[in-house]
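Novice: Given next are the chains, with one letter for each unit.
2 protein chains.
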Amino acid sequence: MALTLEQLNRATPEQALQWLDGLYEHSPWVLGQALSERPFLSLAHLRHALAQVVRRAGADAQRGLIRAHPELAGPAMLAHSLSAASAREQTQAGLAQCSAEELARLRQLDADYQARFGFPFILALRGPRGSGLTRQQILACFARRLDNPPDFEHAEALRQIHRIAELRLNDRFGAQPRLGNDLWDWHERLAAHSDPGFAEQGQLTVTYLTDAHRACARTLSGWMRACGFDEVHIDAVGNVVGRYHASDPHARALLTGSHYDTVRNGGKYDGRLGILVPMVCVRELQRAGRRLPFGIEVVAFAEEEGQRYQTAFLGSGALIGQFDPAWLAQQDADGITLRSAMQQAGLCVADIARLQRDPARYLGFVEVHIEQGPVLGALDLPLGVVSSINGGLRLSGEIQGLASHAGTTPMGRRRDAALAVAELALYVEQRAAQDGDSVGTIGLLEVPGGSVNVVPGRCRFSLDLRAPVDAQRDALARDVLAQLERIAARRGLRYQLAETMRVAAAPCAPAWQRRWERAVARLGLPVWRMPSGAGHDAMQLHAIMPQAMLFVRGENAGISHNPLESTTSDDMQLAAEAFTELLHQLAEEQAEEHTGKAV
Amino acid sequence: MALTLEQLNRATPEQALQWLDGLYEHSPWVLGQALSERPFLSLAHLRHALAQVVRRAGADAQRGLIRAHPELAGPAMLAHSLSAASAREQTQAGLAQCSAEELARLRQLDADYQARFGFPFILALRGPRGSGLTRQQILACFARRLDNPPDFEHAEALRQIHRIAELRLNDRFGAQPRLGNDLWDWHERLAAHSDPGFAEQGQLTVTYLTDAHRACARTLSGWMRACGFDEVHIDAVGNVVGRYHASDPHARALLTGSHYDTVRNGGKYDGRLGILVPMVCVRELQRAGRRLPFGIEVVAFAEEEGQRYQTAFLGSGALIGQFDPAWLAQQDADGITLRSAMQQAGLCVADIARLQRDPARYLGFVEVHIEQGPVLGALDLPLGVVSSINGGLRLSGEIQGLASHAGTTPMGRRRDAALAVAELALYVEQRAAQDGDSVGTIGLLEVPGGSVNVVPGRCRFSLDLRAPVDAQRDALARDVLAQLERIAARRGLRYQLAETMRVAAAPCAPAWQRRWERAVARLGLPVWRMPSGAGHDAMQLHAIMPQAMLFVRGENAGISHNPLESTTSDDMQLAAEAFTELLHQLAEEQAEEHTGKAV
Chain A
12 MALTLEQLNR ATPEQALQWL DGLYEHSPWV LGQALSERPF LSLAHLRHAL
62 AQVVRRAGAD AQRGLIRAHP ELAGPAMLAH SLSAASAREQ TQAGLAQCSA
112 EELARLRQLD ADYQARFGFP FILALRGPRG SGLTRQQILA CFARRLDNPP
162 DFEHAEALRQ IHRIAELRLN DRFGAQPRLG NDLWDWHERL AAHSDPGFAE
212 QGQLTVTYLT DAHRACARTL SGWMRACGFD EVHIDAVGNV VGRYHASDPH
262 ARALLTGSHY DTVRNGGKYD GRLGILVPMV CVRELQRAGR RLPFGIEVVA
312 FAEEEGQRYQ TAFLGSGALI GQFDPAWLAQ QDADGITLRS AMQQAGLCVA
362 DIARLQRDPA RYLGFVEVHI EQGPVLGALD LPLGVVSSIN GGLRLSGEIQ
412 GLASHAGTTP MGRRRDAALA VAELALYVEQ RAAQDGDSVG TIGLLEVPGG
462 SVNVVPGRCR FSLDLRAPVD AQRDALARDV LAQLERIAAR RGLRYQLAET
512 MRVAAAPCAP AWQRRWERAV ARLGLPVWRM PSGAGHDAMQ LHAIMPQAML
562 FVRGENAGIS HNPLESTTSD DMQLAAEAFT ELLHQLAEEQ AEEHTGKAV
Chain B
12 MALTLEQLNR ATPEQALQWL DGLYEHSPWV LGQALSERPF LSLAHLRHAL
62 AQVVRRAGAD AQRGLIRAHP ELAGPAMLAH SLSAASAREQ TQAGLAQCSA
112 EELARLRQLD ADYQARFGFP FILALRGPRG SGLTRQQILA CFARRLDNPP
162 DFEHAEALRQ IHRIAELRLN DRFGAQPRLG NDLWDWHERL AAHSDPGFAE
212 QGQLTVTYLT DAHRACARTL SGWMRACGFD EVHIDAVGNV VGRYHASDPH
262 ARALLTGSHY DTVRNGGKYD GRLGILVPMV CVRELQRAGR RLPFGIEVVA
312 FAEEEGQRYQ TAFLGSGALI GQFDPAWLAQ QDADGITLRS AMQQAGLCVA
362 DIARLQRDPA RYLGFVEVHI EQGPVLGALD LPLGVVSSIN GGLRLSGEIQ
412 GLASHAGTTP MGRRRDAALA VAELALYVEQ RAAQDGDSVG TIGLLEVPGG
462 SVNVVPGRCR FSLDLRAPVD AQRDALARDV LAQLERIAAR RGLRYQLAET
512 MRVAAAPCAP AWQRRWERAV ARLGLPVWRM PSGAGHDAMQ LHAIMPQAML
562 FVRGENAGIS HNPLESTTSD DMQLAAEAFT ELLHQLAEEQ AEEHTGKAV
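Chains as they are written, first to last, in this note's numbering: chain A, 12 to 610; chain B, 12 to 610.
What the hints contain is simulated information worked out from the structure, not anything from laboratory work. Incorrect hints may appear among the rest.
Which bits of chain A does chain B cover? Going by a derived footprint, with three or more residues having C-beta under 8 angstroms, they are [stated by the list, open to error]:
| no. | region |
| --- | --- |
| 1 | 445-455 |
| 2 | 502-511 |
| 3 | 536-547 |
| 4 | 570-581 |
Glycine residues also receive a C-beta, built at the ideal position from the N, C-alpha and C atoms.
The whole structure should be built from the sequences, with the hints applied where relevant.
Specialist: This is how it looks when you write it as structure tokens:
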């Protein structure tokens with residue numbers, strides 16, 4: 012019989028400790044401290060309490076916890092002296108069936124890893140869906156993590172330990188993330204469509220209106236129908252729109268969604284999570300035969316990343332009446348115009364203007380998105396509430412000095428363009444850090460036609476500056492540009508700088524942000540407010556209606572725009588539960604409003 | 012009748028001033044001060060004295076001197092109110108025949124230039140050979156110089172003013188640089204041979220054993236024969252060797268020369284000057300029917316730049332027995348092996364070993380070379396005596412951090428690989444400057460696959476460190492590597508660093524350096540000792556015999572490995588005169604030695 016949370020909350024400390032024994036390998040101290048915080052509202056609450064104990068314990072105790080774990084396919088496995096849970100996990104991963112060669116490779120990686128970090132390599136052997144990793148996946152992950160910096164890998168080891176505990180806890184409680192697992196499967200199946208040249212290498216790239224992109228749209232519309240949406244169609248820019256009607260045909264609707272296109276060699280969750288989470292919630296409503304006092308309109312935006320054409324936010328832009336016919340003449344890398352790509356896909360350009368939404372018919376816009384950053388992971392939090400989508404400014408620059416012979420030009424007589432960019436980059440780092448929540452990045456950096464023995468005469472660079480509030484971003488930009496001016500004057504250099512993008516900050520609507528906060532709190536999780544450093548479709552809808560976003564923790568320190576982008580079924584389950592909570596809140600509010608009116 | 016130096020030295024100050032009137036546009040103060048330093052040993056001495064007056068006068072007086080010059084094709088020309096010399100120069104350059112369009116373009120450039128620098132654009136309208144610049148050349152130079160930093164252009168204006176004075180002085184004294192003009196013509200004619208792909212664009216590229224390269228060898232050997240060398244041949248690596256016999260058939264020889272290959276899109280003087288200067292001197296000896304008590308062996312080295320194959324110093328290396336047969340398997344960009352290129356050129360690989368010289372048969376090695384740096388130009392000195400060829404160390408590095416989202420990764424959580432290189436670059440600058448005569452350069456700098464919105468996860472760079480003494484270079488390298496270690500540790504980054512080249516410093520033989528110093532002093536010029544930052548063929552010969560080098564000032568702030576590399580007939584004349592002085596000294600020493608022996 013599986014344990015229930017109620018039993019755990021009511022049990023004596025000794026009994027509770029016994030029930031949870033082995034969650035953390037040879038480290039019952041973690042359990043003891045966490046259990047003193049009973050009662051738990053949810054398993055998520057318990058998991059967070061456990062993680063907090065480890066967080067507060069400090070680096071030495073953490074290292075002790077890490078070292079309490081056995082090596083993969085190590086002496087303990089061979090000597091059959093693993094803990095029961097470890098033994099089961101290592102067996103499920105097929106480590107006992109390693110060939111001599113694989114075993115030798117594992118032993119070598121183990122030795123290298125221990126030499127570098129001073130603790131054993133730890134990996135949750137069941138993947139995010141709960142199924143086992145293959146031996147190849149394990150070896151690849153091992154080799155990759157060997158390259159991490161030590162403090163990074165210390166944190167990664169702890170994340171893996173919490174994940175192992177989470178999986179073991181699910182077993183004890185017979186609690187499987189049903190919606191999360193479905194979401195996992197959907198993401199996997201959607202990721203099977205990838206553009207030519209990437210698909211062959213198992214990489215995910217879905218750019219606007221390619222065959223893979225259109226296959227995604229067909230797949231999504233099919234799933235929407237299967238979920239029980241009342242109306243499903245693909246609109247004039249390729250957005251997949253699903254509507255789940257309200258109980259009252261005149262009621263307004265909640266608008267939600269995100270994008271299904273990807274960057275080149277991107278991740279499976281970026282954008283798609285915000286389409287699939289609402290879809291799974293609507294499916295559950297439909298299965299329960301339930302209608303809400305408001306409609307739900309889920310839009311899978313066709314284009315957000317601006318990869319094939321310079322048209323970022325084409326999908327959500329169309330909903331706010333932002334489509335410039337001049338874009339139709341843009342060509343992709345193969346010389347295919349946007350117009351002909353749209354015609355080829357059967358989209359009717361003349362209908363785009365009609366996609367503009369009337370805000371009076373909507374309650375507001377919400378978007379679920381993977382965090383794409385390391386903050387939630389570092390805090391052991393599965394969900395975060397977005398306070399504002401940062402305003403951004405991008406510049407493209409070139410500094411000109413004088414290319415000269417690296418051997419014959421004395422240090423005092425140089426006009427080194429790259430050194431000026433070096434100074435600027437370090438200034439940007441320090442100045443952005445001063446603000447606390449601004450970020451500044453020189454992502455492109457190049458000495459064009461440089462040579463080992465030539466003092467750089469030119470240096471090209473990009474500048475990306477972001478802050479939660481426009482005024483803060485502008486002050487940052489002012490200081491950075493003034494510093495560049497000073498550097499160039501002091502070094503006798505010239506420069507050009509061109510603004511390539513300016514996006515206003517989109518603070519989330521306070522009432523809607525509070526709804527997400529309540530939803531997170533009802534799951535038993537602490538509320539963490541954070542700005543979104545990345546741009547999102549919600550920024551577009553911001554122009555015409557209130558918007559608010561929910562972030563979901565990403566694995567691998569929140570890596571994004573990268574095939575390693577990932578999350579777990581358990582975290583996606585929580586996202587779906589939070590979305591459902593939000594729907595409930597809205598339904599209650601609508602009901603109260605209705606009652607109020609009736610009175 | 013042309014003036015003579017003797018007349019000038021003996022004249023009253025008033026008379027002397029009158030004779031030189033107009034050398035410096037509306038600025039007789041320059042003349043007055045310089046004349047107080049009479050007597051002058053040479054026109055070069057007088058020119059240097061004039062330049063020193065301007066140098067000592069300070070920036071305000073210099074700006075006054077610059078502003079005393081008329082605009083090109085400006086109001087003064089149109090109103091016929093130019094000084095006589097300016098009027099002649101502007102007329103010779105055909106500025107009076109400018110089309111309306113050209114005049115408008117000149118007026119615009121003039122306006123832009125004055126707005127940027129606060130003084131008129133000054134250009135010696137007669138080219139380095141004394142012939143007029145074309146209007147196209149003038150316009151191109153104008154446009155290019157508009158991009159210079161202000162202090163750079165201030166110095167360039169002064170250099171042009173001294174050059175104008177030099178040309179006017181030559182006219183007054185009826186003194187044409189006869190050898191310099193011949194050298195100018197030879198360089199131009201040799202530069203007519205250029206590799207395919209470059210020749211069409213008027214660019215100079217002569218890489219090892221191409222058709223253009225072999226045409227250069229044929230041209231040089233033809234000229235050597237015409238100069239009266241007794242033996243001329245092309246050796247087994249393609250060096251062109253000319254021998255001018257001593258009066259005594261058993262006497263040792265002076266070895267001299269430099270390379271005739273070039274970098275891609277390089278300059279006309281790099282290397283070739285050191286072949287042609289000795290050639291013109293031998294021609295003069297032969298014309299005078301003169302034999303010296305030692306032979307002269309001029310070698311035009313076939314390969315120094317390592318452009319087609321990774322075989323820098325192939326030509327001079329062969330003379331010290333440095334030829335590795337493994338190199339023969341190297342392929343060029345088209346897959347042609349060195350072996351097959353040599354066979355194709357009719358070179359006999361088996362004979363290379365026999366090219367090794369027996370030091371007992373040589374007095375030593377001297378090399379004339381264009382400076383390839385800004386030092387002599389900045390000091391208004393046409394010649395410099397090399398004290399040492401700097402030791403060099405080249406490294407190729409990559410720093411690895413963690414690529415992450417530029418918007419979502421807080422400043423404190425980044426592993427920015429480029430910022431580490433930025434810190435390193437600024438440290439190299441400061442640390443090399445500390446030594447005074449060390450140089451350190453990061454010439455290659457790149458964030459591979461970087462993107463405007465991604466924190467750089469990798470950064471590649473090169474490191475080039477040089478110093479006149481190996482121990483000094485090694486201390487510099489130690490400090491730089493230790494700093495990299497600290498930066499990487501502090502930022503949590505990994506890095507790889509590989510040494511790609513290490514060349515020992517080659518201090519010039521003191522006795523030979525003194526011979527160059529005496530030769531320069533006898534021309535009436537101050538002796539300026541300087542290390543060579545660039546590597547030269549003399550470094551190779553250094554292994555088996557004493558060596559010493561003479562540097563010749565380059566125009567355009569000493570720019571090199573660039574089509575703008577240039578020098579003047581007057582400076583080349585001085586180089587030929589210094590070489591002749593060196594030959595005289597050696598002859599005297601040999602005679603004394605002989606007499607000594609006889610006694």
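Novice: All hints are to be evaluated individually against the structure, with a verdict given for each.
Specialist: Against the structure, the hints:
no.	hint	result
1	445-455	holds (count 8)
2	502-511	holds (count 4)
3	536-547	holds (count 4)
4	570-581	holds (count 4)
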